[in-house]
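Start from the sequences, fold in the hints, and give me the full structure.
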Amino acid sequence: MFFGRKRRKEQEAAATNAVSTDEAVAEVPELEPATTGPFDVADVPGREQRLDLGAIWLPGAQGIELRMEVDKKTQRITGVAVALNGSILQLQAFAAPRTEGIWDEIREEISQSIQKQGGMVDDVPGELGRELLVRLPVKMPDGKDGVQPARFVGFDGPRWFLRGVFSGRASFDKAAAKELEAIFRNVVVIRGDEARAPRDLLELTLPGGVRPTQLPEEAAPEIGNPLKRGPEITQIG
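Residue numbering for the sequence shown follows the UniProt record's numbering, starting at 1 and increasing by one per position.
Bear in mind the hints are in silico, worked out from the structure with no lab data behind them. Any given hint could turn out to be false.
Pair by pair, the computed Cβ-Cβ distance ranges are [unchecked claim]:
id, residue 1, residue 2, range
1, Gln62, Gln148, 17 to 23 Å
2, Glu203, Gly63, 35 to 41 Å
3, Glu108, Asp52, 17 to 23 Å
4, Pro141, Lys178, 27 to 33 Å
5, Asp142, Pro45, 50 to 56 Å
6, Gly146, Gly192, 40 to 46 Å
Below 30 Å or equal to it, Euclidean Cα-Cα: the simulated DSS-like pairs (lysine-lysine) are [said to hold, decoys possible]:
id, residue 1, residue 2
7, Lys144, Lys174
8, Lys174, Lys116
9, Lys174, Lys139
10, Lys139, Lys73
11, Lys73, Lys144
12, Lys73, Lys116
13, Lys144, Lys116
This structure is a prediction, so every number in the text was calculated from the model and none was measured. Just so you know, even glycine gets a beta-carbon here, dropped at the ideal spot from N, CA and C.
Right under this line is the structure:
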């Protein structure tokens, strides 16, 4: 059911604390874990059991909840967050140069941004290639100082780049990350043939013609500013 293709490098960044809006039920079928990927649409015979979200075909897993992120100014859907068992994987797809990947330079930009905010970053090899383990200082609800962990992963595809951000338990617990890692590996990206500038966000769509009914408070975070608070979301499931 799954189709191998070579990994090239890896990508970047944006952690979001989003707020639920209206609900729409969407059935997400379940896929078995794969050991390779993400995939380009040219490398798979069809969507199979993946959910069509426009630029991303998303594999499912039992018990997941999807949250679509919306840009207030343009009302474009800019990302999808997959929540499962206390962990979240945020996914965004971007255009990339034809001749080279961008994950190496994006990791450097994320590291610099986080360090400027007083955070700590480790660039390490991981299950999905080179990744960033982040610890960002935050204020806890009781006013005390705390640390927010996050894990940034990326994949350079043919003229596209897929970025993932793990938060919750999956950002530091390998066992908790397994199912979300399998989802990341089995994503299919549909870039399209049109000319796009590198890092141009590939737009997503809601399944089944669902439309968000509440505008977000902020636009989606820029790649160079990965820890900016994300937009509101439309919850699915």
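Comparing the hints with the structure gives:
no., hint, result
1, Gln62 to Gln148: 17 to 23 Å, "violated (28 Å)"
2, Glu203 to Gly63: 35 to 41 Å, "violated (27 Å)"
3, Glu108 to Asp52: 17 to 23 Å, "violated (34 Å)"
4, Pro141 to Lys178: 27 to 33 Å, "holds (30 Å)"
5, Asp142 to Pro45: 50 to 56 Å, "holds (53 Å)"
6, Gly146 to Gly192: 40 to 46 Å, "holds (42 Å)"
7, Lys144 to Lys174, "holds (27 Å)"
8, Lys174 to Lys116, "holds (28 Å)"
9, Lys174 to Lys139, "holds (26 Å)"
10, Lys139 to Lys73, "holds (29 Å)"
11, Lys73 to Lys144, "violated (34 Å)"
12, Lys73 to Lys116, "holds (28 Å)"
13, Lys144 to Lys116, "holds (21 Å)"
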